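Q: Please build the complete structure, drawing on both the sequences and the hints.
There are 2 protein chains.
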Amino acid sequence: MIRLSSSFVRTLREDPADAEVASHRLLVRAGYIRRSAAGVYTWLPLGLKVLRKVEQIVREEQDAIGGQEVLFSALQPREPYEISGRWEDYGPNLFRLQDRKQDDYLLAPTHEEMFTLTVKDLFSSYKDLPTMLYQVQSKYRDEARPRAGLLRTREFIMKDAYSFDVSDEGLDVSYEKQRGAYQRTFERLGLPTVICQADAGAMGGSRSEEFLHPTTVGEDTFVVSDGGYAANVEAVTTMAPAALDDAEIAALPAMHIEDTPGASTIAKLAEFSNRAFPGKGPITETGEWTRFEMLKHLVYLLTSPDGSAEPLVIAVPGDREIDPKRLEAAVAPALATPFSEADFEKHPVLKKGYIGPEGLGLESESGIRYLVDPRVVPGTSWVAGAGEQDQHVYDLVFGRDFTADGTIEAAEVRDGDPAPDGSGPLRLTRGMEMGHIFQLGRKYAEALDLKVLDENGKTAVVTMGSYGIGVTRAVAAVAELYHDEKGLAWPRQLAPADVHIVATGKGQEIFDEAERIAGELEARGLDVLYDDRPKVSPGVKFKDSELLGVPTSVVVGRSLAEGTVELRDRASGEIREISPQEIVDAVVAEVRSA
Amino acid sequence: MIRLSSSFVRTLREDPADAEVASHRLLVRAGYIRRSAAGVYTWLPLGLKVLRKVEQIVREEQDAIGGQEVLFSALQPREPYEISGRWEDYGPNLFRLQDRKQDDYLLAPTHEEMFTLTVKDLFSSYKDLPTMLYQVQSKYRDEARPRAGLLRTREFIMKDAYSFDVSDEGLDVSYEKQRGAYQRTFERLGLPTVICQADAGAMGGSRSEEFLHPTTVGEDTFVVSDGGYAANVEAVTTMAPAALDDAEIAALPAMHIEDTPGASTIAKLAEFSNRAFPGKGPITETGEWTRFEMLKHLVYLLTSPDGSAEPLVIAVPGDREIDPKRLEAAVAPALATPFSEADFEKHPVLKKGYIGPEGLGLESESGIRYLVDPRVVPGTSWVAGAGEQDQHVYDLVFGRDFTADGTIEAAEVRDGDPAPDGSGPLRLTRGMEMGHIFQLGRKYAEALDLKVLDENGKTAVVTMGSYGIGVTRAVAAVAELYHDEKGLAWPRQLAPADVHIVATGKGQEIFDEAERIAGELEARGLDVLYDDRPKVSPGVKFKDSELLGVPTSVVVGRSLAEGTVELRDRASGEIREISPQEIVDAVVAEVRSA
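So the protein lines, in turn, are chains A and B.
If you use the working numbering, the first sequence corresponds to residues 1 to 594, in order.
If you use the working numbering, the second sequence corresponds to residues 1001 to 1594, in order.
Bear in mind the hints are in silico, worked out from the structure with no lab data behind them.
These numbers come from a predicted model, not from an experiment.
Cβ coordinates follow ideal geometry from the N, Cα and C atoms, glycine included.
Careful, some of the hints might be misleading.
[Claimed, not checked] Partial chain A-side listing against chain B, Cβ under 10 Å, derived:
#	residue
1	Val-40
2	Ile-65
3	Gly-66
4	Lys-127
5	Asp-128
6	Thr-337
7	His-347
8	Pro-348
9	Asp-532
[To be verified] Derived EDC-like pairs: lysine to aspartate or glutamate, alpha-carbon spacing no greater than 16 Å straight-line:
#	chain 1	residue 1	chain 2	residue 2
10	B	Lys-1049	A	Glu-82
11	A	Lys-101	B	Glu-1143
12	A	Lys-49	A	Glu-409
13	A	Lys-49	B	Glu-1258
14	A	Lys-346	A	Glu-310
15	A	Lys-127	B	Glu-1455
16	A	Lys-49	B	Asp-1532
17	B	Lys-1101	A	Glu-143
18	A	Lys-486	A	Glu-14
19	A	Lys-535	B	Asp-1128
20	B	Lys-1053	A	Asp-421
21	B	Lys-1280	B	Glu-1258
22	B	Lys-1049	A	Glu-60
A: Here it is, written out as structure tokens:
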């Protein structure tokens, strides 16, 4: 039994100054967590109880699919991460440190390398596989902008699991098991999720899905279609038009350079084109020019983890912006930053406002990498800068007049864009990443030489999967979903207590009766939170009870004299008057009904 | 049920190359732990089960005395540790790191500062106290010499608890509660401990006791007397003889300088004295000179955490060595290193081999700090160097002919030395520190300004206690105590499983019967480890069973045809033949009997 009179629980009337979201505000105010540094939190007694319940559900579902729990240190040596490339790839997101001998260590952001090495240590035959290992453990990432309480922190508890198989089919089976375990886990946590195709990003690998919980406070944007497509925006592939064949291309009007004084932006260029060449545009009925065909060229400096840098020009239809997250995912582990004035000065071929494909490409004299949006296919016709002040090229046909070093998925995805699987138009939605499952494939096993003997006595590289759930973030997501203006309203399976007994008033008989009820409920196996504080007003106690958010509470107060106590339901607000003789059974029934 | 055929358990026939002690050797060989870096270990599935059982016992005993569990991050900001002085005092033992903004952080060795600040955040009145908080969490210390597997590591799991009281009497009550909880905890873990007076060392504070588990592999030396005294050697205080009064001192022979050619060591000086001045020595019957009264002067460079250094001369009776650990504790947080030749050259007053008190002391011209052993009391008479080559002073009386800046407890403690409480001669014993309880007093609360309003409305500084148990070390200590030449032999309450079923032989009926027994035992609520590996020889399975150390095992093998299976007791080696119909009840009875 937790007695509020002597417990390390203090509620706050004021919101923390830095709280942007409800979960942060309420978890701090209700005394569940406490900030100890930027993006680093302390779990107070009630918060820890919720955290442990989340962990337990996660563990049970991992165990149910044959997961075996282990525990790695957060402190790990540099070498395995050097071999995998992550020591560099993670850049400033990695907490690095040296020991007294100046040997390099890191605080692990995840443990792919260490699990790989440990399996390599213990296993040597295909008969040892498949195996599924997991841990529930503190991870560290030096986020640039920790924010929103537990939603984006620099230390967080994560369940990370890894599967090891000999064959691709085996990996598919392991992946499906985790996929099912994740669905059951989030269901038990009371968190609706959408399974989205994801970009594998810096982790390498092939099949990759995120479990996104739709919420306006989420940092991730994802898309869904009515036909069932769902993907992280980073993973959306663009529907490209069909390319023309050579004969069709040959029949298109020839390119021509025009003076376009002052048309240094896409908007100005479209406006100029409609003024100077009315009716010559590609819109069938009107001959109008639109921003779409004004091919926009954007220049970035691409910096690799090793510090080397090169320019990159990206061409997108003029009506699209670059989505920084899609760009980031497309160029990872390199970082793309917009070209500075100084950068432009170093490359005179890049004439600001009038950049076109002329002179670009790795094969060209400039050697500047040039990538185009997937909508730029052979036979598409564009207007682009001519590389000279106040000049543009019209009827510039891709595959005839210019080529590129490849395509890039960096343009924004918009509401109404077609789903790549043809399942209808996309809708943009905000969500929070709760879990992520990947088929890593053989990347880590190759790098760290994890091989086993197969059935024929030949060595085979093991194929792996990696499966993460943000445990601390799940606590925040639950708090975000289950609250109202008065405070938290925990789902029963995650509440820090089964029942909250509130004794209000001054009479000793009230406290005696509350004590009896609390004791009997505890004897019946319930976790009881008992507000036994003397000299605290009923108003304060009710407010605290609503803020703390235990699903069921019992108020023992003035009405005791008339032979009743109150049974309150936090979520519905319902209040029932019940006799003290019946209250214990009523509470037990309520709690067990869940 | 853990099935060995598919579990992440692999036993090794070879000892790890770096294993010095049985617990290290066996925990690695049995597949409980795995090294990932110097002093950093990974917990494999069976090891994690034992670890969790130890943690659970620790938690239950903390909860039973009203402890409230919280959880702090290992990653903490520099500032609070700067204020307490530990950022510097811990020297190279602290893992320090910087984040992307170049702000300083550390991996906490313990969390006194953070608990103090959190209580300060939440509490403001004497009515809020006393409170007892604890956590079970990973700690980091950059040990110079990690060794002996889990016995001395750089990452380890620790239960650290902190009590907060308004009054000294309250602190005494909290301290006694923890003391009792520790006794019950170690009893439940099956680890005999001796409660030893300890030196509070770098932690500050007053009352301090260590729970030492007597074992030859322990790194701590402690002393016990038949009368019940027990102390860490660092904490032993020397029984000093009674001082003489001024009249008695005046009656002693006057000091005199003698030529002592070549007597540059204590041994040579004693030998010379007996040759040159036979019968003039202090031994009553014979007039013999002994090494005791040849006052030995040792010179150290004392380096403070801030890097400043000063010389220190220590005088001890010539028959005693300096104990490095007692010296370390006496000068902490400074470090004492023996004077180098270069150091001696800088201080000509320190004539090697002939150093005496002349010219020493903070008040003297040299300003060199001079401390003496507690046996050097007023009226004691000594032979010491005269500060000149080949000369010593005889009949040099402390309090008349020389004084010092104070005393220091740095001389070795020896078997037979008197206990400071008069409880008889001391015996030296080796032990392992399993727990440590301290009265920190107001040191941290003063430094971090933790005050509450007392009953009279005045601000009062809170007084604190700090209480630690090495959880990972406890696993090693148990393995160290409970094993034999064949392997581990866990006490029942900590074993990774209740029963180990071993199916040996080739017949399907053997595996079917083993499966049935394993299933029924699991249905009865037991944790079952089932060696279901096909094509593994009985010899290997028996060896593994002995190595893994589950207290009870059931062998289903050839004798099944004659209607029996074997019930084996790991600790006693006893084997009973039991019918398959009765085995489940027999095992349950065995397990429940504990």
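Q: Run every hint past the structure and note whether it holds.
A: Outcome of the hint check:
no.: 1; hint: Val-40; in the structure: 5 Å, holds
no.: 2; hint: Ile-65; in the structure: 12 Å, violated
no.: 3; hint: Gly-66; in the structure: 7 Å, holds
no.: 4; hint: Lys-127; in the structure: 9 Å, holds
no.: 5; hint: Asp-128; in the structure: 8 Å, holds
no.: 6; hint: Thr-337; in the structure: 16 Å, violated
no.: 7; hint: His-347; in the structure: 30 Å, violated
no.: 8; hint: Pro-348; in the structure: 35 Å, violated
no.: 9; hint: Asp-532; in the structure: 13 Å, violated
no.: 10; hint: B:Lys-1049 x A:Glu-82; in the structure: 32 Å, violated
no.: 11; hint: A:Lys-101 x B:Glu-1143; in the structure: 11 Å, holds
no.: 12; hint: A:Lys-49 x A:Glu-409; in the structure: 44 Å, violated
no.: 13; hint: A:Lys-49 x B:Glu-1258; in the structure: 77 Å, violated
no.: 14; hint: A:Lys-346 x A:Glu-310; in the structure: 12 Å, holds
no.: 15; hint: A:Lys-127 x B:Glu-1455; in the structure: 71 Å, violated
no.: 16; hint: A:Lys-49 x B:Asp-1532; in the structure: 38 Å, violated
no.: 17; hint: B:Lys-1101 x A:Glu-143; in the structure: 11 Å, holds
no.: 18; hint: A:Lys-486 x A:Glu-14; in the structure: 13 Å, holds
no.: 19; hint: A:Lys-535 x B:Asp-1128; in the structure: 14 Å, holds
no.: 20; hint: B:Lys-1053 x A:Asp-421; in the structure: 51 Å, violated
no.: 21; hint: B:Lys-1280 x B:Glu-1258; in the structure: 13 Å, holds
no.: 22; hint: B:Lys-1049 x A:Glu-60; in the structure: 15 Å, holds
The earlier numbered hints that this structure contradicts are 2, 6, 7, 8, 9, 10, 12, 13, 15, 16, 20.
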